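Asker: Residue numbers (the working numbering), protein chains in the order written: chain A, 1 to 242; chain B, 243 to 499.
Keep in mind the hints are simulated off the structure, nothing from the lab.
None of these values were measured; they are calculated from a predicted model.
Don't take every hint at face value.
Pulled a few chain A residues facing chain B out of the computed Cβ check, cut under 7 Å [stated by the list, open to error]: (1) F100; (2) S101; (3) A193; (4) N199; (5) V205; (6) D217; (7) L220; (8) M224.
Note that CB positions come from ideal geometry on N, CA and C, so glycine has one too.
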Amino acid sequence: MNCIECQENISPYLDGELNEVRAADMRAHLSICAGCAKICEDFSVILDTCRENVPSEIIPPNSQALWCRINNLIESEIKPEIIPEQPKKGLFSRGWNLTFSQAGAGVLAIALISSLLTVVGIRNYFEPSREDFTSRSNASQTTLEKFFSKIGLSDTPQQARERRIKEQQEAIAYWTKRVQERRGQWDVRMRDAFDRNLNMIDESVSEYTIILQENPDDDLTGEMLDTVLTDKMDLLREFSDL
Amino acid sequence: MARVLKNRFFIILAGKTTILLLLSVVFFFAPSDISAQRRFSKTYPATRSVRLKLSNRDGMVTVEGWNRPEVQIQAYLETPATSVNPRVVDGTIYIDMVKENYGRGEVGGVNFTIRVPRDASVDIETKVGNLSVSNVNGGLVSARISTNGDITLTNISAKVVNAENGIGNIFFDGDLQESGSYRFRSMSGDINLRIPFNSSFKLTATAPSTRSINLGYFSSEDLRFVSDGRRVTGQVRDGASFLTVTNQRGSITFLRR
Chain A
1 MNCIECQENI SPYLDGELNE VRAADMRAHL SICAGCAKIC EDFSVILDTC RENVPSEIIP
61 PNSQALWCRI NNLIESEIKP EIIPEQPKKG LFSRGWNLTF SQAGAGVLAI ALISSLLTVV
121 GIRNYFEPSR EDFTSRSNAS QTTLEKFFSK IGLSDTPQQA RERRIKEQQE AIAYWTKRVQ
181 ERRGQWDVRM RDAFDRNLNM IDESVSEYTI ILQENPDDDL TGEMLDTVLT DKMDLLREFS
241 DL
Chain B
243 MARVLKNRFF IILAGKTTIL LLLSVVFFFA PSDISAQRRF SKTYPATRSV RLKLSNRDGM
303 VTVEGWNRPE VQIQAYLETP ATSVNPRVVD GTIYIDMVKE NYGRGEVGGV NFTIRVPRDA
363 SVDIETKVGN LSVSNVNGGL VSARISTNGD ITLTNISAKV VNAENGIGNI FFDGDLQESG
423 SYRFRSMSGD INLRIPFNSS FKLTATAPST RSINLGYFSS EDLRFVSDGR RVTGQVRDGA
483 SFLTVTNQRG SITFLRR
């Protein structure tokens, strides 16, 4: 018997579970091997101590289950559970190990997106000019503007014009109400002059509106419509303070 | 009895006559608010490059350049209660008939005749009435009528000229200076521009309803009609100044000076 076999059989030996032949071999080896003899002696002391001093009240109600848990715990410490690594999927499956061309393309893409966002931000921040709103048509749109329109970042010329006209009409409604409150204070000459000019402006508004309905891409008419609506707004605002 | 009655009659007649004469003397020499409000006149010493800013309600405004270093304001008021109160702030003479008379029922028309140094800047506007500016060569000449009225600008030499009205004609007779800006807008009426033959300008002239744009002497290959003849764009000579003319429902005519 060698040392390994002896150490494996120490516990059954001490418990008296080995057959006579095997127990004889153990005794023979322990008599000549100081190391194994020492281990066996230690085990024996432990067993004796346990048998003599274990109080009955600490014995768990289900000792087998407890031992199972302890056993599992010991096994987990000895052999930690290895979580099988899931294969990574998608763009970053290789982490940040990018080639030079990939990095360059990424930088270019970021620069392009930043530029586009800056352009859109500036366009939205500053009040768009009359030209942007009403006098632009599909024909006079730049490629960039068409692109913005298609992806929904900006209005189409028709949408922009309609939005602008709606805003102007709202302002006109407000100032008209103010004028109605004040016009009782004016003399006849002032009232006549105001009404004549307002009618003249309204005629132009109607004329340009009809032209735009027939030809939405008519830049000049869009510009003129915006001009006369602004004139109407100015006229109403001026006379509301009279 | 008859004699007594006759004497009494003469005494009464003499008394009444005396009273009437006394009343006439009193009313003749007494300061009368009514007569003072009918005509307003005031003269201000002018600083160099003085500026006139007038906002009238109703009435004609005539501004003339003269050779004196002073500004003379004369106003003729239809309604005595109308208030005229010019203010001078930092070399600018302000007359605001709209604010001055806000809330007053019958303001009536006020006709102004104002004389300014030739190098003065003139910025005048009215709600109704004609505007006329002549012999001025300051930095700015601006005339605006909110509704009805003609604008006449004669012998003008300014770097910035604006003329705008509702229903009425606009006539401009003057120079176009290098890098100057000249803008004429009307809702309905005729716009006539009389400029020197050697004028240099970039032009945008628009007459969307009538398509009546008469370039006259200034017609050239560099000026082209666009948008079905509703607009003319281009430049004359070097395009040294900017000329923008818009007439919604009237004509535009260029005349050689």
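Asker: Hints first: check each against the structure and report whether it holds.
Answerer: Tested hints:
1. F100: violated (51 Å)
2. S101: violated (49 Å)
3. A193: holds (4 Å)
4. N199: violated (10 Å)
5. V205: Since chain B brings no Cβ nearer than about 10 Å to V205 (chain A), farther than 7 Å, the hint is violated.
6. D217: Interface hint status for D217 (chain A): violated (11 Å vs cutoff 7 Å).
7. L220: Since chain B brings a Cβ to about 4 Å from L220 (chain A), closer than 7 Å, the hint holds.
8. M224: holds (5 Å)
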